[in-house]
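*Asks:* Each chain is listed here by its residues.
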Amino acid sequence: MRRVAVVGVGYSQFGELWERGFRDIVLEAGAEALADAELEGKEIEAMYVGNMSGGRYLGQEHIAALIADYSGLAEFGIPATRVEAADASGGLAVRQAYMAVASGLHEIVIAAGAEKVTDVGDPMEILSASVDMEWERFVGGNLPALYAIMARMHMESFGTTEEDLAMVSVKNHRNGVKNPKAQFRREIKVDDVLRSPYVAEPLKLLDCASISDGAAAVILASENVAREITDTPVYIEACTQASDYIALHSRKDVLTMKAVVKAAREAYKLARIEAKDVQVAEVHDSFTIAEILAYEDLGFSEKGKGAELIREGITEIDGDLPVNPSGGLKACGHAVGATGVRQIVELTLQLRGDAEKRQVDAEKGLALNIGGTGATAVVSILGR
Amino acid sequence: MVPRFWRKIKYRYDLKGSYCENCGNYHYPPRNFCPVCRRRGRVKEVRLPDEGRVLSYTIIREGEPCVVALIELDNGTRIISQLSCDPSEVETGMRVRKAFRRYGEDGEEGIINYGTKFVPAN
Ligand SMILES: [Zn+2]
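Residue numbers (this note's numbering), protein chains in the order written: chain A, 1 to 384; chain B, 1 to 122.
It is worth saying that the hints were derived from the structure and are not from the lab. Computed from a predicted model, the values in this text were never measured in an experiment. For every residue, glycine included, the Cβ atom is placed at its ideal position computed from N, Cα and C. Hints are not guaranteed to be accurate.
Stated by the list, open to error - Sample of chain B residues lacking proximity to chain A, with all beta carbon distances greater than 10 Å (derived):
| # | residue |
| --- | --- |
| 1 | D14 |
| 2 | C23 |
| 3 | F33 |
| 4 | C34 |
| 5 | G41 |
| 6 | R42 |
| 7 | K44 |
| 8 | R47 |
| 9 | P49 |
| 10 | D50 |
| 11 | E62 |
| 12 | D86 |
| 13 | E89 |
| 14 | A99 |
| 15 | Y103 |
Said to hold, decoys possible - Once the Cα atoms are required to be at most 20 Å apart in a straight line, the calculated SDA-like pairs of lysine to any residue come out as:
| # | chain 1 | residue 1 | chain 2 | residue 2 |
| --- | --- | --- | --- | --- |
| 16 | A | K252 | B | Y26 |
| 17 | B | K16 | A | M133 |
| 18 | B | K16 | A | V139 |
| 19 | A | K252 | B | G63 |
| 20 | A | K252 | B | P87 |
| 21 | A | K252 | B | R61 |
| 22 | A | K252 | B | V90 |
| 23 | A | K252 | B | N75 |
| 24 | A | K252 | B | C37 |
| 25 | B | K44 | A | S250 |
| 26 | A | K252 | B | G24 |
| 27 | A | K252 | B | C66 |
| 28 | B | K16 | A | K262 |
| 29 | A | K258 | B | C37 |
| 30 | A | K262 | B | V36 |
| 31 | A | K252 | B | C85 |
| 32 | A | K252 | B | T92 |
| 33 | A | K252 | B | S88 |
| 34 | A | K252 | B | C20 |
| 35 | A | K252 | B | N25 |
| 36 | A | K252 | B | C23 |
| 37 | B | K16 | A | R137 |
| 38 | A | K303 | B | L55 |
| 39 | A | K252 | B | R31 |
| 40 | B | K16 | A | R251 |
The following block holds chain A by itself, in its conformation from the complex:
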């Protein structure tokens, strides 16, 4: 296996982009990534696209060929492949591209993620198809309800409070202010979260990331090629993936995302680091409780003590371990299949020193992208 570097990154504005179509936002992300890598386009040998549900969000399948076409790559006839794992689709696309380069099959590959959700009535209902439709969703267990069940159990088992959860949202909103592409660029207070209406108790509206439109792209290259085309390569030191039982009721420990634990353990081993060596992280805060669980399952804290990190300010942008400097899914917006790619864009900018007002000081970064309630997890470790 060869070393793989990120040589170009880009992403579109995230949010409710009423006036813009799927093709526009994809083009924006792809063009930005090509410009960033100073590539013309014809150097790209393959494309992987993360997209959860073009069929239901847009009525459009065959998304990878469409994206290759509208990125100006149809002329070259490159292989273009869509991958799907609910809202971990983007992380999966990055991993497929990583494997294609690491294996020696290709020199330069693009991984994209894209979702256009605001053309349909209830984006959360479609995202909820990531759970077991017959045995969870049928009885009312949609995605917010299942995370709420985890949240209450965490609160009752470990003393985590609704205020702790609210602080995750407050932190991510504060970071989002500094990200020009974030959907929500306003600060909120703990009280704003606590007073927002319950969606699924104990989770409130401001505990839930909004499902957004957005696209992101990263260009990966082998180490040798990367050295030729950029002075600032950021290396993918590990990109691992794991799965778990799809339904919560099948898991022995509802409060441990086994897929995250497994993917993280393998990633640390491959990157030859430990959890304590991570200096910045982008994690999957689709719901505030998910960020607390991520702290624990990634090994940033012991099981049950995740809330201490938020209480003590450790994961604030100026803390010892900044988490979600981009604003995370909560403030940046959760563009489903784009999210896992956007996380890699953010880490690359951070490690290169290009993150402007939200810049942190870091040489090692970690991204965690989750599908549904944790039946898929993708962990990437990047280093400069």
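Given chain A's structure and the hints, the job is docking chain B with the ligand onto it.
*Replies:* Just chain B with the ligand, lined up with the frame of chain A:
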């Protein structure tokens, strides 16, 4: 959704699960294949206990409040189901038993779905 619902109807009405004679694990919904033993598993269909306790729950506040709970049946099998009771009555650890209840209508065909819900066991 309609044929998919009817195919599984006996499991929704009767609360049937599977038991693996090789490892002693129960599963709901029933599985043809034991995820612990795989090929060595010896799986048979069994009726699950009618009662259990609430491990955790949520009250969905979109429209009429709806209680969705993670329930552990008395043999350890876990199930996500609805609780049919006043949301203010619900608490973690409460004993519940199964009941046959309406689950609403399915799309434009207007077929009424029924299935298992749980009620407080007194
Ligand atoms: Zn077995």
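*Asks:* Now, for every hint given, state plainly whether the structure supports it.
*Replies:* Cross-check of the supplied hints:
no. : hint            : verdict
1   : D14             : holds, 15 Å
2   : C23             : holds, 13 Å
3   : F33             : holds, 13 Å
4   : C34             : holds, 12 Å
5   : G41             : holds, 15 Å
6   : R42             : holds, 19 Å
7   : K44             : holds, 18 Å
8   : R47             : holds, 17 Å
9   : P49             : holds, 15 Å
10  : D50             : holds, 17 Å
11  : E62             : violated, 7 Å
12  : D86             : holds, 14 Å
13  : E89             : holds, 14 Å
14  : A99             : holds, 13 Å
15  : Y103            : violated, 7 Å
16  : A:K252 to B:Y26 : holds, 12 Å
17  : B:K16 to A:M133 : holds, 18 Å
18  : B:K16 to A:V139 : holds, 16 Å
19  : A:K252 to B:G63 : violated, 32 Å
20  : A:K252 to B:P87 : violated, 27 Å
21  : A:K252 to B:R61 : violated, 28 Å
22  : A:K252 to B:V90 : violated, 23 Å
23  : A:K252 to B:N75 : holds, 14 Å
24  : A:K252 to B:C37 : holds, 16 Å
25  : B:K44 to A:S250 : holds, 18 Å
26  : A:K252 to B:G24 : holds, 14 Å
27  : A:K252 to B:C66 : violated, 25 Å
28  : B:K16 to A:K262 : violated, 32 Å
29  : A:K258 to B:C37 : holds, 19 Å
30  : A:K262 to B:V36 : holds, 18 Å
31  : A:K252 to B:C85 : violated, 27 Å
32  : A:K252 to B:T92 : holds, 18 Å
33  : A:K252 to B:S88 : violated, 28 Å
34  : A:K252 to B:C20 : holds, 16 Å
35  : A:K252 to B:N25 : holds, 11 Å
36  : A:K252 to B:C23 : holds, 15 Å
37  : B:K16 to A:R137 : holds, 18 Å
38  : A:K303 to B:L55 : holds, 18 Å
39  : A:K252 to B:R31 : holds, 17 Å
40  : B:K16 to A:R251 : holds, 19 Å
Comparing the model with each numbered hint stated earlier shows that hints 11, 15, 19, 20, 21, 22, 27, 28, 31, 33 do not hold.
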